[in-house]
Amino acid sequence: MTFDIAVSLLSVLGVLALLATNRLPADLIMMAALAMLLLTGVVSPAQALSGFANPGLMTVAALYVVAAALRDTGAIYWLAHRLLGQPSTLGRALGRVVMPTALLSAFLNNTTVVAMMIPAVQEWAQRLKLSPSRLLLPLSYAAILGGTCTLIGTSTNLVVDGLVQKNGLPAFGIFDIAWVGVPLLLVCGAYLVLIGHRMLPARDGLMEQLENAREYRVEMNVAPKSPLAGRSIREAGLRNLAHGYLTEVERGEHLYTAVSPDMSLAEGDRLVFIGAPECARELQRINGLVPAGGVHKLKLRNHQRCLVEVVLGREFPGVGKTVRDSAFRTHYQAAILSVNRHGERLSGKVGDIVLRVGDTLLLETGQAFVEQYRYRRDFMLVSPLHDSAPPDFRKAPLAVSILVGMVLLNVLGWVSVLESVLIACGLLLGTRCVTANRARMMVSVNLPVLVVIGASFALGEGMSSSGAAQWLVGGVFSQLDASPWLALVLVYLITVLVTELVTNNAAAVLIFPLALSIAEMAGVSPLPFIVAVMFAASASFMTPLGYQTNMMVMGPGGYRLADYLRLGIPMSVLAALVSLSIIPLIWPFNP
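To get our numbering, take the position in the sequence shown, counting from 1, and add 1149.
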């Protein structure tokens, strides 16, 4: 064993051990390993940094911008409302979660799909009187399965495709892996819908304490030319809100207090809701409703607006005055949506309420409000509601059209995956479906994920250039009697083990050079081994560590490790059987 081989193996083992403990950030661990390989001379500076110029990494970064546009235009909420519907049983509810999520994940990065779908599914589950823990882990698994159906569905596929191109092999097409991904989705999706829900407990998540929340009175108007006009309250999705309820409808001179779910809405209706602060955010995401306060007079674009809670201090200049007389909107560039006093909502028109010290106000204002007034004595507390900017539904059809065009450009073979995504980003930015600041924020928030991917290439490069991969193949896999199928099974199982302990992208990069070396030793095509690595790295169902989406649903679903094992072990077995049965048929060992 040479010095370079020893350093490469120690780096990989150290990374696996530290990632498994989950005590240090993954990006810090991977960058430390990169520095070790660079300082010991195992890799050159160009090799160490080559991962950060990889097409797969750049595609993942650009897809975050696409996802931000779908959220900011409300397209994701429109799709969720259309696709989730109102099922009558838990099994049907799971079917409504699994298939739409898988469909979205096939064309969007699955991490961003789950991030966008978690609040939608939580609200939806509460409307259906179901525990979110019955739906959120299947949501993560459905996103993983959907991501295996196309090349752009998960960062793992893009990372492996980047390694394929780097080694001089032909790149994968966007639907090449669907031969395995679609059967995998159908088999494992059926398991989730028919059997999986029986293995998950009905457990409250960390945020399911609605009964203790402050209540507000929130007024919304049915906008002119609203798609809700002519639809009943039930059809509009206002009957079973997650964070509030509809109490009355004001139409002209008439006030309806006993509101029937079959009552039809009309343009100009003023709807009064009672609920938690999140109720206002939930209502903003319903296309066709606009705040009844003077929010439109703030002259702020949708992406500049947010919801903020403030508690009035003793030096607030409007104490003892009505909201109207205090000129609150003019002075603070913020519209008061509702007022809460001593934990109780105040009824009546907001403009007539006399403000007192300690009142809690729910505001819609600009994003600069928090920094401007956080330390001013006007307010004792300034607390923003996260992710509360209202979507601009007018641009939702445009954003969806650009997404469809992005996929078609690649399917027709006119441009590469990276080029099609960059074109989509340019169009989304140019049409103001997403702003430049929002795009920068999305990339910066996900920067640790991008750093892990980029740095993991250096580990793979070290394993390959040092000869460590070939050394392991010669010492371990030589006992397989050159059986390609047995070697394929072993590569798949090792990749699954590594991805469950660390991360999917790191597992793919670490095992990729081993897969190439095994194929070379056996004298067969490397493609079946490469595809096995691609699918095995995504098949993380048994722990929350291996896939970011599994970790994302852990808190909201109140999950424990036993829940992942109970539902995930049969999933992993099914995934292995389907993948290993089909891969050699589509990509034969001796084409």
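Keep in mind the hints are simulated off the structure, nothing from the lab. Positions of the beta carbon are idealized from the N, C-alpha and C atoms, including for glycine. You may find that some hints are simply not true.
[Said to hold, decoys possible] Cβ pair distances, simulated, as ranges:
id	residue 1	residue 2	range
1	GLY1401	PHE1324	47 to 57 Å
2	ARG1383	VAL1336	32 to 42 Å
3	LEU1159	PRO1350	33 to 43 Å
4	ALA1476	VAL1439	39 to 49 Å
5	LEU1162	THR1238	46 to 56 Å
6	VAL1439	LEU1646	25 to 35 Å
7	PRO1740	TRP1563	58 to 68 Å
8	THR1238	VAL1460	23 to 33 Å
9	LEU1404	ARG1383	13 to 23 Å
10	LEU1343	ALA1585	29 to 39 Å
Check your understanding: Does the hinted range 13 to 23 Å hold for LEU1404 and ARG1383 at CB?
Key -> holds, 21 Å
Review point. CB of LEU1159 to CB of PRO1350, is that within 33 to 43 Å?
Key: The hinted range 33 to 43 Å holds for LEU1159 and PRO1350, with Cβ atoms some 42 Å apart.
Review point. So the hint says 47 to 57 Å: do the beta-carbon atoms of GLY1401 and PHE1324 match that?
Key: At 55 Å between Cβs, range holds.
Point to revise | Cβ distance range 25 to 35 Å for VAL1439 and LEU1646, holds or violated | key: Once the Cβ atoms are compared, 53 Å apart, the range 25 to 35 Å for LEU1646 and VAL1439 is violated.
Practice item. For the range 32 to 42 Å, tell me whether the beta carbons of ARG1383 and VAL1336 fit it or not. Key: holds, 36 Å
Check your understanding: Taking 29 to 39 Å as the hint, is the beta-carbon distance of LEU1343 and ALA1585 inside that range?
Key -> Violated, since LEU1343 and ALA1585 (Cβ atoms, about 46 Å apart) do not stay within the stated range.
Practice item. With respect to the beta-carbon atoms only, verify the hint that THR1238 and VAL1460 lie 23 to 33 Å apart. Key: At roughly 44 Å between Cβ atoms, VAL1460 and THR1238 fall outside 23 to 33 Å, so the hint is violated.
Review point. Is the hinted range of 39 to 49 Å satisfied by the C-beta distance from ALA1476 to VAL1439?
Key: violated, 22 Å
Exercise for review: State, for the Cβ atoms of LEU1162 and THR1238, whether the hinted interval 46 to 56 Å holds or is violated.
Suggested key: holds, 48 Å
Practice item. Return holds or violated for the Cβ distance of PRO1740 and TRP1563 against the range 58 to 68 Å. Key: Cβ of PRO1740 to Cβ of TRP1563: about 27 Å, so the range 58 to 68 Å is violated.
Checked against the numbered hints listed earlier, the structure breaks hints 4, 6, 7, 8, 10; every other hint is satisfied.
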